[in-house]
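Throw the hints in and build the complete structure from the sequences for me.
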Amino acid sequence: MTDPQGPPSRQGTAPRPYPVHWEADVVLRDGGIAHIRPIGPDDAGRLVDFYEKVSDESKYYRFFAPYPRLSDRDVHRFTHHDYDDRVGLAATVGGEFIATVRYDRTDEHGRAVSGAAGTRAEVAFLVQDAHQGRGVASALLEHIAAVARERGILHFTADVLPANSKMVKVFTDAGYTQRRSFADGVVHLDLDLEPTAESVQVMRSREHRAEARSMQRLLRPESVAVVGAGRRPGGVGRTLLRNIAAGGFTGRLYAVNHSFAPGTDLDGVPGLRSVREIAARGESVDLAVVAVPAAQVPQTVADCGEAGVRGLVVVAAGYSETGPEGRERQRELVRLVRGHGMRLIGPNAFGVLNTSPAVRLNASLSPGMPHQGRLGLFTQSGSIGIALLSGLHRRGAGPSTFVSAGNRADVSGNDLLQFWQDDPDTDAVLMYLESFGNPRKFSRLARRTAAAKPVVVVKGALHTGSVPAGHAVPVTRIPDSTVSALFRQAGVIRVDTVTELLDAGLFLALQPLPAGDRLAILGNSESLGLLTYDAALTAGLRPTPPLDLTTSAAPADFAAALTRALADPATDAVVVTAIPRVTAGPASPAAAPGDAAALAGAPDEGDDPALADALRRAAGGDKPVVVVHTALEAFADRLGAPGGEGARLPAYRAPDRAVGSLAEAARYAAWRAGAGDPGRVPAFDDIQEAAAAEDVRRLLPPGSPPQGVTLPDADAAALLARYGVTVRRALPAPGPDAAVAAAESIGYPVALKATAPHLRHRPDLGGVRLDLADEGDLRRAYDELTARLGGPAELLPVVQAMAPRGVDTVIRAGVDPAAGAVLSFGLAGPPSELLGDLAHRLVPATDRDAADLVRSIKAAPLLFGWRGAEPVDTGALEELLLRVSLLADDLPEVVAVRLDPVVVAPQGLTVLAATVRLAPPPARTDLGPRALSQY
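Numbering (our numbering), first residue to last: 19 to 953.
Heads up, some of the hints might be wrong.
Said to hold, decoys possible - Each computed DSSO-like pair below joins lysine-lysine, with the alpha-carbon atoms no more than 30 Å apart:
| hint | residue 1 | residue 2 |
| --- | --- | --- |
| 1 | K187 | K71 |
| 2 | K459 | K471 |
| 3 | K876 | K477 |
| 4 | K459 | K187 |
| 5 | K471 | K71 |
| 6 | K641 | K459 |
| 7 | K459 | K477 |
| 8 | K184 | K77 |
For the record, the hints were derived by calculation from the structure and aren't laboratory data. If you're wondering where the values come from, they're calculated on a predicted model, not measured in any experiment.
Here's what the structure looks like:
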């Protein structure tokens with residue numbers, strides 16, 4: 019690439035200040051981290067050092083001629099930028115440049131210009147040879163393109179030698195709309211920098227591969243060093259070392275402590291004074307587990323970075339959980355770790371586990387290696403992590419991999435979702451989350467993962483109103499209803515307690531998903547069967563009446579009944595209920611089934627090996643089976659224990675826990691069956707998007723207050739009309755004569771309404787009079803209204819034509835700063851306002867989302883002919899929801915829309931009132947270039 023000399027400094031214009039918001043940490047293709055930042059005058063030495071490490075071939079590709087060294091003039095040009103017409107970015111690792119990119123603004127003819135005179139720029143890259151192939155140039159292109167768009171540049175141009183195929187590929191694979199030509203031995207590329215669906219997909223695919231790879235480096239290490247392992251048993255470091263060794267780690271293991279003497283050996287593990295000593299022996303360390311006090315961690319991180327360690331687990335406390343000073347210490351830790359190209363789990367972490375026979379890593383404070391399983395576990399709490407591991411272990415299940423992230427300063431649940439999506443050892447994901455760092459990204463990743471395997475989440479800290487101690491990454495306090503909507507659209511199974519998380523995890527670990535919601539119930543207790551039947555109905559399943567095998571049923575009777583139920587094509591799943599069996603004891607062979615002598619001959623208390631074996635052998639296949647038991651703890655353990663013949667069965671102590679897990683699995687299976695066709699966002703021919711955007715610019719001029727403006731009714735109706743939403747006209751009635759004149763222009767019958775803020779949407783206060791058939795009715799209603807509630811100046815009455823009878827509903831769209839635009843629906847009045855019966859979906863909604871939204875509220879039967887009423891026009895309602903969704907998605911300045919009431923009749927609907935608020939939109943972080951959370 020050639021390099022233009024660049025325009026002179028902009029006359030009379032001071033250089034822009036250093037744009038700190040352009041700095042970012044990015045995950046590269048191999049899972050390592052690079053820091054991207056603007057190049058400044060202080061970087062002259064770094065630039066020269068960087069250039070000296072670039073091969074002659076790469077320099078030739080950059081300058082189209084031999085260019086062995088940079089002149090002083092070159093160094094000045096490449097380090098002095100105005101951050102507008104001339105911008106340079108560098109990717110750094112360990113504070114040193116590994117790649118650079120710069121653009122120079124030009125006009126249509128390639129001449130250097132300043133400011134608005136040019137909307138094009140020539141762009142050029144240079145990547146150190148040792149770092150080529152890591153995706154550095156692709157990451158830099160994303161960031162320099164975002165910078166250019168911010169500065170009003172719409173196109174990049176680049177000239178590339180045909181032999182420089184790697185750089186040609188960087189441009190052509192980016193997904194931008196582009197034109198390509200060849201002349202004079204040079205490939206000329208022109209890129210339109212407006213993001214496209216393809217460029218966003220390319221960016222997200224690269225993000226997925228890179229972040230998954232960065233987690234793989236942490237969870238499948240070939241070598242581990244425990245920094246802070248003491249010479250004497252006891253202490254956190256020595257405990258971690260012991261757990262890793264006892265767990266059977268298949269890779270190399272080192273103990274590190276600065277006080278070790280040469281040749282130190284800790285129970286067969288070599289001890290060294292520093293990680294750099296390991297590197298000096300020609301050996302590498304993939305993962306360092308840091309168990310030194312917080313004050314010693316920075317030196318340890320530097321030591322690990324210089325030795326090429328790929329990732330850290332920091333178990334040390336004393337960070338954000340301790341207050342402002344600790345929070346700053348944590349920020350510095352993250353900057354230091356990422357600056358050396360590493361990822362961080364923690365600090366204040368419980369640790370990580372991988373039960374794969376090829377790895378067998380227990381780098382945690384868990385004293386024993388759990389059973390090998392196929393569940394991915396993520397928690398932000400060590401105590402919850404202990405409870406999950408212990409609960410699964412007792413039931414014979416276990417994780418594939420486990421991460422307890424502590425303060426979650428770097429690695430989060432989003433990173434683990436990237437890894438588990440394609441992990442062949444993981445069939446389901448269980449997560450305990452106390453806070454969200456990036457809800458939009460979580461929704462996107464969870465949906466993609468859930469399309470292949472279940473994701474079960476407990477969202478803790480719902481009502482505290484505060485962020486859990488230590489979580490210093492950006493977090494959000496979004497309403498719980500929005501969280502539920504986010505989960506529902508993403509196909510996430512949401513549960514409320516850790517017990518329910520374990521119950522769902524046990525089911526998913528041991529049984530297939532049900533094909534539907536039809537449930538058979540059988541067992542030896544009529545009462546337990548009826549309780550299970552009731553619980554199934556409450557959970558939304560369709561159970562058949564329970565089959566009572568009686569208390570004298572033998573294992574063979576259970577097996578035969580289970581076999582018949584599983585063979586029934588009208589059954590999707592089976593619940594077996596079991597209490598201690600009653601058999602004839604040796605003292606009284608002829609005893610009646612219920613007497614004391616019979617109980618004396620029952621199986622051992624709490625166990626029934628024969629019944630467990632019979633059920634396991636009879637189960638299996640593609641239909642799930644769960645067991646509800648009382649007083650049979652050992653029997654329950656046998657059902658889920660590894661080994662033995664037949665299927666492993668989850669067992670629960672209570673019917674609601676068993677059918678709850680089944681119901682969640684059935685709903686998830688139904689969602690997944692449709693995940694391949696999530697619906698479409700429709701395009702309506704009558705929408706005037708450009709005109710609506712112009713309306714917004716006029717109604718929200720620059721300098722508008724941050725809280726925004728609520729539009730007058732006429733402006734709100736006009737803006738909604740651009741999207742095909744018609745609001746029924748209401749005429750002001752400041753006096754009875756004006757009311758009569760308005761009614762005569764509209765036509766009787768009419769409604770008289772008070773629109774004062776304290777009366778709007780409150781028909782229960784008597785501010786509305788309906789079906790006024792003539793002038794006499796209207797005048798009497800006007801007098802009654804003003805006599806009871808106040809004068810016209812206070813009530814602000816209006817006259818409106820009557821709408822056809824129907825069901826009053828409310829439609830809202832609002833912008834949550836973290837989750838984005840949310841579309842809500844419910845019945846108007848008490849159902850939504852008092853009982854909270856609202857359904858939510860994230861924008862943009864698809865046609866399937868709109869249909870689900872209408873059917874998701876508890877009061878939905880009122881729309882579909884409840885108790886013989888005529889069903890209303892839900893098709894028109896769904897179209898209105900989609901139009902409002904498009905409005906909120908196309909116009910981010912529209913931060914709130916409320917249509918209330920919307921009267922839905924058997925044919926058509928009527929919007930009687932609308933409120934629209936405009937405000938400067940919150941920044942979107944999910945559409946920009948790839949970047950980790952900043953501090």
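Outcome of the hint check:
1. A distance of roughly 23 Å separates the Cα atoms of K187 and K71; the hinted pair therefore holds under the 30 Å criterion.
2. In summary, the hint linking K459 to K471 is supported, as the alpha carbons are separated by about 18 Å, within the 30 Å threshold.
3. The hinted pair formed by K876 and K477 meets the criterion: a straight-line CA distance of about 23 Å does not exceed 30 Å.
4. Taking the CA atoms of K459 and K187, the gap is near 27 Å; set against the 30 Å cutoff, the hint holds.
5. With a C-alpha separation of about 46 Å, the suggested pairing of K471 with K71 is violated against the 30 Å cut-off.
6. Of the pairs offered as hints, the one joining K641 and K459 is violated, with about 34 Å between alpha carbons and a cut-off of 30 Å exceeded.
7. In summary, the hint linking K459 to K477 is supported, as the alpha carbons are separated by about 16 Å, within the 30 Å threshold.
8. Using a Cα cut-off of 30 Å, the hinted pair K184 and K77 holds, with the two alpha carbons roughly 14 Å apart.
Hints 5, 6, counting from the list given before, are not met by this structure.
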